[in-house]
Amino acid sequence: MNRFEYIRPATIAEAVAAAAAPGAAYLAGGTNLIDLLKGGIVRPERVVDVTRLPGLDAIETLADGSVRIGALVRNADLAHDPDFAHRFPAVVEALLSGASAQLRNAATVGGNLLQRTRCAYFYDVASACNKRTPGAGCAARGGDTRLAAVLGWSEHCIATHPSDFCVPLVALDAVVEIVGTAGSRDVPLESLHRLPGDTPARESVLEPGELIVAVRLPADAASFAAHARYLKLRERTSYAFAVVSAAAALRIEHGAIVAARIALGSVAPKPWRAHAAEAVLTGAHPDRAAFRRAAEAALADATPSGDNGFRIELSRRVVARALARAAAGTPARLPALPASPFAPAPGGLHA
Amino acid sequence: MSKHHVTTTINGEETEFLCETQETLLDVLRNTLNLTGSKEGCASGDCGACSVIADGTLVCSCLMLGVEAEGKTITTVEGIADGETLHPVQRQFLEHAALQCGFCTPGFIVATKALLDANPDPTEEEARYWLAGNLCRCTGYDKIIRAVMDAAAEMRGEARAA
Ligand SMILES: Cc1cc2nc3c(=O)[nH]c(=O)nc-3n(C[C@H](O)[C@H](O)[C@H](O)COP(=O)(O)OP(=O)(O)OC[C@H]3O[C@@H](n4cnc5c(N)ncnc54)[C@H](O)[C@@H]3O)c2cc1C
Ligand code: SF4
Ligand code: FES
Ligand code: FES
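In the order they appear, the protein sequences are chains A and B. Following our numbering, the numbering of the first sequence begins with 1 at its first residue and continues without gaps. Following our numbering, the numbering of the second sequence begins with 1001 at its first residue and continues without gaps.
Since the hints were made in silico from the structure, they are not lab data. Glycine is no exception: its CB is placed at the ideal position from the N, C-alpha and C atoms. Treat the hints with caution; some may be incorrect.
Pulled a few chain A residues facing chain B out of the computed Cβ check, cut under 8 Å [what the hints assert, rightly or not]:
#, residue
1, Ala10
2, Thr11
3, Asp49
4, Thr61
5, Ala101
6, Ala106
7, Phe342
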């Protein structure tokens, strides 16, 4: 870790002013930033600890029925809020499928959105990486590409965004509230992350110093609660990043789908909303054939970025299965191992 | 840059230390305060060997800066026993021989205490899920889970499970 100045601002205005300086980084739960500092992958001159800023740790229902989650709400606290879980079960399932108890206790809502990729070459400072050092090249191309992106990638960067939490959030039209030196603004989560293009180092639309202060779910998002699931395929089901994941939410009336929401995780540089797949389902009967058609539509633009074509078909199957689970209905109680494709038998030993 | 002066409560005692900004809480515990029970397994949040309880929640001390401990209440594995009397979780780990090399054990003890404080009557699946962030390369976990379930039963005042 390099040496840096550590600042603990008392107000949002102070935080934004302190972080607008070049070489500054916000510190929230630290579960990603401190790891990156240790590896020398980021070397800030100044770290601005926002964890003690007042007023950013509430979960509130606003007058218009939308729900506002403060950026400092811990992932575990959000997942264990009974009212939130009741309204947004797929979001909770995604949260509880991520990381470990220790990390969910520390990780914040804002930090989760802005966590960096897990591309191994990004983490290895001896490898060329356009994200770390613009113009250096990309060691992942032609390297181990198994878990690299199949949607939205460019020849300059094939890394994925690894968040679970973001996947149902983007499906449910979450909006991010941002405060910067020039005032505050709202950005749909779908537009928060940028595609790599030829500037993969610019990962989000945030300007220097801009702070995420909250995430809002519109009132309408809760109308999917009866049919909303998250499904996450992992190499170690108890605790690992996704190989592929999907959030599926349906509104079903008189046996037909009246609205569908679908997003994919860990297959693209950002949480990936599948609008075309949603359109396929509107008005359809919730059956396997419809889910397969939706899955085809969701991956219609996918192309392998290396030796990872298998994840395209895997993604289709995960989408179709997440839809089937959503159609079957949100369970009253989440399974002991959330979002797992393997439903452990009751009383089974190996959770 | 000068060192930061941090005031905190560790294992019930008010503790002050000086640290560099780039030192983690785990560095401070082990190198400055000589509390070497917390271990550094991975230094990246994967293994849980560095688990401590900070203001009532279980966290990885390898992913927290020393300066962040200002004003917080920290419990490390050294603070789990009551003087010379082992905590039921510690005793059950011994009873079940739920360790081989022992490197993961402090993290498991702290994580188990945090689990049972929050949920005194977990199912086995719940216990396994909660402890997924603690890796053990030796035991195969089975003895650990038995120790956890028996510690839970003991703390609830029930006879130990079969
Ligand atoms: C071993 C391990 C396993 C993991 N497994 C999973 C998993 O399975 N699924 C998953 O989804 N995630 C997983 N994670 C990632 C974890 O969810 C993230 O590290 C965490 O959510 C980041 O939140 P934080 O508050 O700790 O952020 P920090 O580490 O504090 O910050 C992360 C980034 O966001 C910026 N930032 C933080 N807050 C703000 C804000 N309010 N405004 C602007 N910028 C901000 C920081 O500057 C930094 O760049 C894992 C992490 C580890 C270490
Ligand atoms: S894929 Fe992106 S993050 Fe990974 S090495 Fe290439 S440029 Fe860097
Ligand atoms: S040393 Fe902290 S999690 Fe491994
Ligand atoms: S006893 Fe050796 S790692 Fe657990």
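Hints, one by one, checked against the model:
Because the beta carbon of Ala10(A) sits about 13 Å from the nearest beta carbon in chain B, more than 8 Å, this interface hint is broken. The interface hint given for Thr11(A) is broken, as the beta carbon of that residue sits about 18 Å from the closest beta carbon of chain B, more than 8 Å. Because the closest C-beta pair between Asp49(A) and chain B is about 7 Å apart, less than 8 Å, the hint holds. At a threshold of 8 Å, the smallest CB-CB gap from Thr61(A) to chain B is about 25 Å, leaving the interface hint violated.
For Ala101(A), the suggested interface contact is upheld, since its CB lies about 5 Å from the closest CB of chain B, less than 8 Å. With a least beta-carbon distance of about 5 Å to chain B, the hint placing Ala106(A) at the interface is held under the 8 Å criterion. For Phe342(A), the interface hint is violated, the least distance from its beta-carbon to any beta-carbon of chain B being 12 Å, above 8 Å.
Hint compliance for this structure: hints 1, 2, 4, 7 are broken, all remaining hints hold.
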